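Build out the structure end to end from the sequences listed, making use of the hints.
Listed here are the chains, written in short residue letters.
Number of protein chains: 2
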Amino acid sequence: MEPILYSYFRSSCSWRVRIALALKGISYDLVPVNLIKDGGQQFSAEFKALNPMQQVPALKIDGITLCQSLAIINYLEETHPNPRLLPQDPKKRAQVRMIADHIVSGIQPLQNLSVLKQMGEKKMEWAQNCITSGFQALEQILQHTAGCYCVGDEVSMADLCLVPQVANAERFKVDMGPYPTITRINKALLELEAFKITHPSRQPDTPAELRA
Amino acid sequence: MEPILYSYFRSSCSWRVRIALALKGISYDLVPVNLIKDGGQQFSAEFKALNPMQQVPALKIDGITLCQSLAIINYLEETHPNPRLLPQDPKKRAQVRMIADHIVSGIQPLQNLSVLKQMGEKKMEWAQNCITSGFQALEQILQHTAGCYCVGDEVSMADLCLVPQVANAERFKVDMGPYPTITRINKALLELEAFKITHPSRQPDTPAELRA
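Protein chains in written order, with the UniProt record's numbering: chain H, 1 to 212; chain Z, 1 to 212.
These are computed hints drawn from the structure, not numbers from a lab. Note that this is a predicted model, so its numbers are computed, not measured. There could be a bad hint or two in this list.
A pair counts as met if it fits within one copy or between any two copies, since identical chains are not told apart.
Unchecked claim - Derived DSS-like pairs (lysine-lysine); straight-line CA-CA distance at most 25 Å: (1) K60 / K91; (2) K24 / K60; (3) K48 / K91; (4) K92 / K60; (5) K60 / K37; (6) K48 / K92; (7) K24 / K91; (8) K92 / K24; (9) K173 / K123; (10) K187 / K173; (11) K187 / K92.
Next comes the structure, spelled out in structure tokens:
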């Protein structure tokens with residue numbers, strides 16, 4: 001049976017996993033979960049039984065259901081090691097994980113849908129502040145680690161986190177001027193097929209008006 | 001040269017790393033970074049040069065400086081594999097990572113100091129809501145994965161995240177009644193030497209009135 005990915009076109013966490021699946025050449029069925037419609041389909045009893053965290057992405061694979069994007073990506077890395085998404089050198093692996101964790105734990109959770117819902121009018125300003133503060137640190141780190149991509153010249157887990165986070169920044173109208181390294185790497189990655197075909201503008205659940 | 005850990009006694013992210021170092025028998029020097037005093041010593045120019053993310057923990061080891069608790073713990077796991085903090089079976093490894101990421105990305109960032117500072121009077125209520133909502137999911141997950149500890153009967157990265165998060169819950173007076181599995185595992189882990197000696201009440205920077 002093909003793996004089943006529960007995904008929402010605009011969810012940056014879902015996009016990370018879509019990129020990993022594409023890079024590793026794993027075909028899958030996609031089940032859209034609309035985080036807005038009906039008050040959020042992730043809160044349905046059916047989805048809660050699948051993922052008690054009530055979040056996308058979730059991936060049914062090899063007889064189990066995984067959630068949390070990096071846990072899913074690490075599982076794919078261990079079971080489908082080629083092409084690898086972590087460098088061989090432990091110090092470089094640590095750099096990849098630092099950047100990925102900085103985005104996944106330090107930026108995205110503070111500007112996700114469930115937090116922003118509670119911010120009312122301040123929503124936009126809150127999201128901008130979280131992303132700006134995170135990107136200031138990220139820009140400095142990347143100046144030490146980057147080659148063509150976040151760490152050297154190989155696509156890694158860090159890159160899978162970077163591109164969806166930049167898309168969020170653009171959606172929240174963050175001025176990207178102060179982040180030339182982030183901008184350059186993001187642009188290079190968006191040229192790659194695995195990032196193109198998994199883009200939020202090209203998903204089965206992308207609304208017509210947002211389609212590329 | 002011994003590794004240097006930059007830590008704050010009450011930081012749950014620092015505690016995760018202290019437990020990993022203790023379990024793996026790695027001795028280190030501890031440099032306290034007071035997140036409250038002087039408006040937060042993590043914001044000093046000196047510390048920012050060390051860690052642009054301006055957060056603890058940071059670990060100087062093997063000629064590099066690492067930050068982000070799970071990235072640090074993964075580096076220690078790869079360079080000091082015994083005792084292991086990830087099971088051998090990929091599916092069980094994925095369960096460990098799911099639980100760790102759920103805490104590290106899904107709960108802690110929403111109730112950390114920098115977010116709570118912005119919540120004013122609502123601080124306590126906000127923290128309680130984040131932790132309660134995260135623990136409801138965690139309790140369900142653990143009912144499937146737990147043995148003595150979070151995943152089976154071996155201490156794993158998930159456990160290193162659980163105990164400091166429960167300490168935060170207690171500090172924010174979360175009612176732990178609905179979470180018997182979390183409570184049982186937390187209690188079992190607190191019996192272990194590595195969790196005892198790294199406890200916030202026994203750190204060099206623990207204020208006298210909070211010492212055990």
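Evaluation of the provided hints:
1. K60 / K91: between (32 Å within a copy, 12 Å between copies)
2. K24 / K60: within (16 Å within a copy, 34 Å between copies)
3. K48 / K91: between (38 Å within a copy, 21 Å between copies)
4. K92 / K60: between (30 Å within a copy, 15 Å between copies)
5. K60 / K37: Within one copy only: 23 Å inside, 47 Å across.
6. K48 / K92: Between. Shortest inter-copy distance 21 Å satisfies the 25 Å Cα cut-off; intra-copy 37 Å does not.
7. K24 / K91: both (23 Å within a copy, 18 Å between copies)
8. K92 / K24: both (21 Å within a copy, 21 Å between copies)
9. K173 / K123: within (12 Å within a copy, 28 Å between copies)
10. K187 / K173: Within one copy, since 17 Å is at most 25 Å while 46 Å is not.
11. K187 / K92: Within one copy, since 22 Å is at most 25 Å while 36 Å is not.
The structure meets every hint from the earlier list without exception.
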